[in-house]
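S.K.: Here's the letter readout for the chains.
2 protein chains.
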Amino acid sequence: MNHLTNRQVVLRRRPTGLVQPDDTELIEGPAPVLGKGEALVRNTYLGIDAAVRTWLDDQPGYLPPVQIGEAIRAGGVGEVIETRCDAYAVGDIVTTLSDFQELAVVRDDVFSTVIAGPVDQLSMLSVYGSTGATAYFGVTDIGKPQPGETVVVSAAAGATGSLAGQIAKIAGARVVGIAGGPEKCRVVVEEFGFDACLDYRAGDLPAQLKEHCPKRVDVFFDNVGGPILDAVLGRLAQGGRVALCGVISSYLTGEHPGPANYTNLLARCGTMQGFNTLNNWGRFDEAFTKLRAWEAEGRLVHREHIHDGLEHAVDALNGLFTGTNIGKTVVRVSDPTVS
Amino acid sequence: MNHLTNRQVVLRRRPTGLVQPDDTELIEGPAPVLGKGEALVRNTYLGIDAAVRTWLDDQPGYLPPVQIGEAIRAGGVGEVIETRCDAYAVGDIVTTLSDFQELAVVRDDVFSTVIAGPVDQLSMLSVYGSTGATAYFGVTDIGKPQPGETVVVSAAAGATGSLAGQIAKIAGARVVGIAGGPEKCRVVVEEFGFDACLDYRAGDLPAQLKEHCPKRVDVFFDNVGGPILDAVLGRLAQGGRVALCGVISSYLTGEHPGPANYTNLLARCGTMQGFNTLNNWGRFDEAFTKLRAWEAEGRLVHREHIHDGLEHAVDALNGLFTGTNIGKTVVRVSDPTVS
Chain A
-7 MNHLTNRQVV
3 LRRRPTGLVQ
13 PDDTELIEGP
23 APVLGKGEAL
33 VRNTYLGIDA
43 AVRTWLDDQP
53 GYLPPVQIGE
63 AIRAGGVGEV
73 IETRCDAYAV
83 GDIVTTLSDF
93 QELAVVRDDV
103 FSTVIAGPVD
113 QLSMLSVYGS
123 TGATAYFGVT
133 DIGKPQPGET
143 VVVSAAAGAT
153 GSLAGQIAKI
163 AGARVVGIAG
173 GPEKCRVVVE
183 EFGFDACLDY
193 RAGDLPAQLK
203 EHCPKRVDVF
213 FDNVGGPILD
223 AVLGRLAQGG
233 RVALCGVISS
243 YLTGEHPGPA
253 NYTNLLARCG
263 TMQGFNTLNN
273 WGRFDEAFTK
283 LRAWEAEGRL
293 VHREHIHDGL
303 EHAVDALNGL
313 FTGTNIGKTV
323 VRVSDPTVS
Chain B
-7 MNHLTNRQVV
3 LRRRPTGLVQ
13 PDDTELIEGP
23 APVLGKGEAL
33 VRNTYLGIDA
43 AVRTWLDDQP
53 GYLPPVQIGE
63 AIRAGGVGEV
73 IETRCDAYAV
83 GDIVTTLSDF
93 QELAVVRDDV
103 FSTVIAGPVD
113 QLSMLSVYGS
123 TGATAYFGVT
133 DIGKPQPGET
143 VVVSAAAGAT
153 GSLAGQIAKI
163 AGARVVGIAG
173 GPEKCRVVVE
183 EFGFDACLDY
193 RAGDLPAQLK
203 EHCPKRVDVF
213 FDNVGGPILD
223 AVLGRLAQGG
233 RVALCGVISS
243 YLTGEHPGPA
253 NYTNLLARCG
263 TMQGFNTLNN
273 WGRFDEAFTK
283 LRAWEAEGRL
293 VHREHIHDGL
303 EHAVDALNGL
313 FTGTNIGKTV
323 VRVSDPTVS
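Top to bottom, those sequences are chains A and B.
Be aware that the first sequence starts at -7, since it is given in our numbering, and climbs by one per residue.
Be aware that the second sequence starts at -7, since it is given in our numbering, and climbs by one per residue.
Don't take each hint at face value.
Said to hold, decoys possible - Over the 10 Å line for every Cβ pair with chain B, so calculated as not near, a few chain A residues: (1) G29; (2) G217; (3) E247; (4) H248.
What the hints assert, rightly or not - If you anchor each label on the Cβ, the simulated ranges turn out as follows: (5) A:T8 <-> B:P219: 22 to 30 Å; (6) A:A199 <-> B:G21: 57 to 65 Å; (7) A:D100 <-> B:D196: 42 to 50 Å.
Hints were generated in silico from the structure; no laboratory data involved.
Where is the CB? At the ideal position from N, CA and C, for every residue including glycine.
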């Protein structure tokens, strides 16, 4: 396999705000040489999460920052093309931390999983990947929506939000999304089946919440933070639960005004809880079994937004912050041979 | 009983900040005339909580605002001196919403309880009243400190904080208080037995927290909110729990900057939960049984700060915000005949 080359998008400079052209470089080099216990994966799709942007800052997090000169970190899916271990056979479909590159090395670790059977690789990055698991555990374990309750989901057109809202609908709740712009709001209601979707760009979100959540908000699945979190906390119901899934409003600037309405947690005996899906690794099967059943019953849909070619990976990442994405943002690095 | 008069401190004007002389008036009028199902109580002690100040604002809360012309609302203890119902006999010791006055009318309602046996009426307002129950349920149900964990308590010299810290110590935690000024910090460590107490007035609370909580903060029992909450959230441990008990920093101004470090709830999978002790009304006996056993074993102390005379009730309330209080702030309205 020594004739293979590996194209990578590496970090050259830590970005401020959106990732600028000089912050990264697309380079080409030799394929990695495998050590014992390793396998080589040809990446097909990369899943682009907002969290990717946080790893570019020199800040401690649940994963270390990407270092200057390293390929940008991202989860993905690919096919094993060479192996020096028992855990992987050539032809296996694997999800792992693929990174912004064509070839990845996998070991038998927590981030790498062989997917059994013929699969739709694309859905491995959305509904049957950490995105779907995040939506499932956030709603099921923290939000715990009851029939008739009101659930609000921010970034409702996004990968996680669109699934979280549908899971809450399946639980019998009334589900109201928050998204930016009329087109996203339309998709959230018409494709993802939410009962309503509020356009935060249309202004006065507190008034919109009051109109569309007359019985207040029992559960808030929040991907955004900032003023949106504050507005929903202002409308919290007695015993309300806030599942903190992300703070995308702060990822570009590092600034996140605190939600002054957190005092409603006190006044209304509410709970606000953060979670990390990786802590539920051992229960992913439970999530995927449920999600597969719901999709088979026609009660759950998922959507992917594909950017074609590794050279567009940075644009795909920036798109999460400029609001162009609906559903899961994915970069196609190569064509899958199995689908 | 028609010869009795009732002195009351009534609200004349909604205060801004501390309660000013013209905001209230001490008036004297006839004793209330009892209806059927009512009893008359001669108040002995009033318990002064920061929440009393919130009821003077024209804001909805878990209790309605005190109206202009009404006696200021406060919990208290007293002795039944006349009765027109089966629930109360003359001589009964009763805790109720006594209000800033000499005589109160009680009915058989959720706020009124007959205390059995000869009792120390003073302790009914601190450790064996809603204050003690608040500390108990906040620590036990929300904080859930484990042996060896680090617990931080704000307003640690106050009525609730001093008990909460001791309950966490009994659970085996390392307990660090936060209080204002060296004298309060001394009392918190020497009398209430905390392992350390940080003086927030001495500046750089984040640095103090880093020094005294080297393993971060597993549980925070917060009575204060504002910058203190933000500082402790900045030091939250993985899986940390924040029990929101009060926001005294905001009660005077109505302003409460949101805690920007709430994002640590996400990064460290933490939980922030508000609670209202009244929701645990049915479990107060459980709390008091535990608290009595601990006091009998010499593991729990409580302290009351008595202001003598109804005419000093407003000063006692203001003292909660100017930081003069250690332990439970109480106003002696009359001498108990039973003690």
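S.K.: Enumerate the violated hints, using their earlier numbering and listing them in ascending order.
M.R.: 2, 3, 4, 6
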